[in-house]
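*Asks:* Residue-level listing of the chains:
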Amino acid sequence: MTDVISASGVNEKPRGLGRRLWDLLGARPELFTLTLVIATSIVVIIANPDFLQMSNLVDILRASVVRGLFAMGVLVVLAAGGIDVSFTAIAALVMYALTMLVIDVAPGMPIAVILVIAAAGGALLGALNGFIVHRLNAPSLIVTIGTQYVYRSFLLTFVGTALFMNIPAAMDRLGRASLYTHISASGVASSLPATVLVLAVAAIVTWFLLERTLMGRAIFAVGGNPLIAERLGINLFTVRVFVFAYAGLLAGIAGVVHVASNRLANPFDLAGMELEIIAAVVLGGARITGGSGTVVGTLLGVLLITLVSNVLIFVGIPSTLQLFIVGLFILIAGTIFTLRNRG
Amino acid sequence: MVRLRLDRQTLFLGAINVLVLAAGAVLAGNGFLDSYNLQSMAAQVPELGLLALGVTLAMISGNGGIDLSGIALANLAGIIAFGVAKSLVPVDDAPLMFSWTFAGLALLVGLAGGVLNGLIIAYARLTPLIATLGTQLVFTGLAIYLTNGSAVGMGYIEPLDDFGNLPVLGVPLCFALFLVIAAVLGFSLVYTRFGVQLMLLGSNAKAARYGGINEKRMLLVTYTICGVLASVAGIVIAARNSSVKWDYGSSYVLIAILIAVLGGVKPDGGHGKVICVLLASTALQILSSLFNFMNISNFFRDLAWGLLLLMLLASARVSLGTWLRPNR
Numbered sequence: 001m002t003d004v005i006s007a008s009g010v011n012e013k014p015r016g017l018g019r020r021l022w023d024l025l026g027a028r029p030e031l032f033t034l035t036l037v038i039a040t041s042i043v044v045i046i047a048n049p050d051f052l053q054m055s056n057l058v059d060i061l062r063a064s065v066v067r068g069l070f071a072m073g074v075l076v077v078l079a080a081g082g083i084d085v086s087f088t089a090i091a092a093l094v095m096y097a098l099t100m101l102v103i104d105v106a107p108g109m110p111i112a113v114i115l116v117i118a119a120a121g122g123a124l125l126g127a128l129n130g131f132i133v134h135r136l137n138a139p140s141l142i143v144t145i146g147t148q149y150v151y152r153s154f155l156l157t158f159v160g161t162a163l164f165m166n167i168p169a170a171m172d173r174l175g176r177a178s179l180y181t182h183i184s185a186s187g188v189a190s191s192l193p194a195t196v197l198v199l200a201v202a203a204i205v206t207w208f209l210l211e212r213t214l215m216g217r218a219i220f221a222v223g224g225n226p227l228i229a230e231r232l233g234i235n236l237f238t239v240r241v242f243v244f245a246y247a248g249l250l251a252g253i254a255g256v257v258h259v260a261s262n263r264l265a266n267p268f269d270l271a272g273m274e275l276e277i278i279a280a281v282v283l284g285g286a287r288i289t290g291g292s293g294t295v296v297g298t299l300l301g302v303l304l305i306t307l308v309s310n311v312l313i314f315v316g317i318p319s320t321l322q323l324f325i326v327g328l329f330i331l332i333a334g335t336i337f338t339l340r341n342r343g
Numbered sequence: 344m345v346r347l348r349l350d351r352q353t354l355f356l357g358a359i360n361v362l363v364l365a366a367g368a369v370l371a372g373n374g375f376l377d378s379y380n381l382q383s384m385a386a387q388v389p390e391l392g393l394l395a396l397g398v399t400l401a402m403i404s405g406n407g408g409i410d411l412s413g414i415a416l417a418n419l420a421g422i423i424a425f426g427v428a429k430s431l432v433p434v435d436d437a438p439l440m441f442s443w444t445f446a447g448l449a450l451l452v453g454l455a456g457g458v459l460n461g462l463i464i465a466y467a468r469l470t471p472l473i474a475t476l477g478t479q480l481v482f483t484g485l486a487i488y489l490t491n492g493s494a495v496g497m498g499y500i501e502p503l504d505d506f507g508n509l510p511v512l513g514v515p516l517c518f519a520l521f522l523v524i525a526a527v528l529g530f531s532l533v534y535t536r537f538g539v540q541l542m543l544l545g546s547n548a549k550a551a552r553y554g555g556i557n558e559k560r561m562l563l564v565t566y567t568i569c570g571v572l573a574s575v576a577g578i579v580i581a582a583r584n585s586s587v588k589w590d591y592g593s594s595y596v597l598i599a600i601l602i603a604v605l606g607g608v609k610p611d612g613g614h615g616k617v618i619c620v621l622l623a624s625t626a627l628q629i630l631s632s633l634f635n636f637m638n639i640s641n642f643f644r645d646l647a648w649g650l651l652l653l654m655l656l657a658s659a660r661v662s663l664g665t666w667l668r669p670n671r
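Protein sequences, first through last, are from chains A and B.
Here our numbering is used: position 177 in the first sequence is 177, and no number is missing along the way.
Take any residue in the second sequence, note its place counting from 1, add 343, and you have its number in our numbering.
Any given hint could turn out to be false.
[Stated by the list, open to error] Partial list, derived from the structure: chain B residues whose beta carbon lies under 10 Å from chain A:
no., residue
1, Gly407
2, Ile487
3, Ser593
Hint data in this document are derived by calculation from the structure and do not stem from the laboratory.
Being a predicted model, the structure only gives us computed values, none of them experimental.
All residues carry an ideal CB built from backbone N, CA and C; glycine is no exception.
Build the full structure now, drawing on both the sequences and the hints.
*Replies:* Right, dumping it as structure tokens:
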């Protein structure tokens, strides 16, 4: 993944600060994301110091959890050179069917069991994606567009369309659990939700998977060049099924977390989020063509997207410009990353 | 000489059209085949058909070519064109003048959006997927900003409304325009320098480069045409709905891709026929209308689309010929 070392030693000329920063950016694209996050924050703080209230920071973290879980899955799929747009449909199907199951069959089911079933269900649907992509040897974008339609409309046609207002007690407890409650001077209580822990665990597991396991090596190899990876003895089928199953697994968990934090199971939720998540992962420095990407960069990308969606109002920019700015960030980041890769 | 070669794929898609129409007549009664229903189905084809043609061109150009920004640009074109045309031409005094101004402005917006896509993809070398994802958000975001997120009613403007709904000699005007555009596009893909170069570029970019094809200019032109096609779709949408809205047809991104793949366009590039895409869009529309006639829920329709897309991908890989051929 890091091909920086080969160039050093040959080029002994002293280089300017700008040139060195440019090289650093190539090695660590997430630094650019970090710069964007910091710049956005500074602009917001200067424009409106009220932003720094605990309640706002907690809100941003809270809003990042589901996005972050999705993004970890997308990162792994992108690293292997694929793309997945069906994960929101998987999350919606799993969360709604599972809520229904728990309410109707086993109201007392503990949250640990719920999360395990969600993960298994999501992984199964994701594995199906991987299986189809591999067997049909078709572009994963088009395959997952197909499965997205199938999963979502299966949910709406055969499972149900009505809201669940009373979610199972165990999910409700997960949503209400807080790690830390901060009472501001004006008496406004804001609590850091325990669901942040779910994201933390997912991030650590994903990092370990990508950076410390053979599967991680195989994923980057397949993303870099599938033909060479295959000649190295990597089983493409295993890797493809694994990455899509992993994305599905995280999507299933994200679905349950979504229900828990909204205290509502709405089968129409989460639709249309997929492009925004892919945008976040790409902003985090992962190449859409595969073979690269980091967990830290992805988390920063998610933070940036959440920041832009939540803070524009503080700066006096109408919230209607939110999508425009996210789009602009993608184009700028994409251009800079591509120019750097060529240089 | 232009010869209409009827290959198997074209015949197959044509047969599907006939089959779905026949199924409609059987399942939904004779009302399905009367001229009123046929006309209303035809008038619904162009919006999606034009977007699908855009996706087709992008896919043919190869190297992961795709255009996700089509419907966003179509809506933006309608919104900007209506806003500007309103301040230039009095709607009530000169409706015809207004309609032409509206259409011209919309085309300009489409041209600008297409050039933007083309520049980003050809010169900044962004992957088409990321580039058009970014511009999709930019176009949509701009449309939300300009309209504050609500639909803008245009009122009844006779010439524009006629264009969207009035049949002339039994053919709705917007459908006729769609046929003309498809014919021009189909002709230029096969018989012009541009078309031949585009096919070569899509099937083997390296060979095309060594063959002296200016890859950057080709990509720029291709995505510019996509943008213009999208803005024509935007004009049709505005004419047919008498309003412009930022989130009209939010599922069109995916359905346009479905139509292109249904029409046999290869997502890897280098292959695609306009006539097949045209037949795919009419088949999908007839099927969709049939579902409406039979009161089948929209959700089930989406399920059918998804399964259809997957089955098409599967059928492209499994060659039926080996089973149908008599034993050696």
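*Asks:* Of the numbered hints stated earlier in the document, which are not met by this structure?
*Replies:* Per hint list: zero violations.
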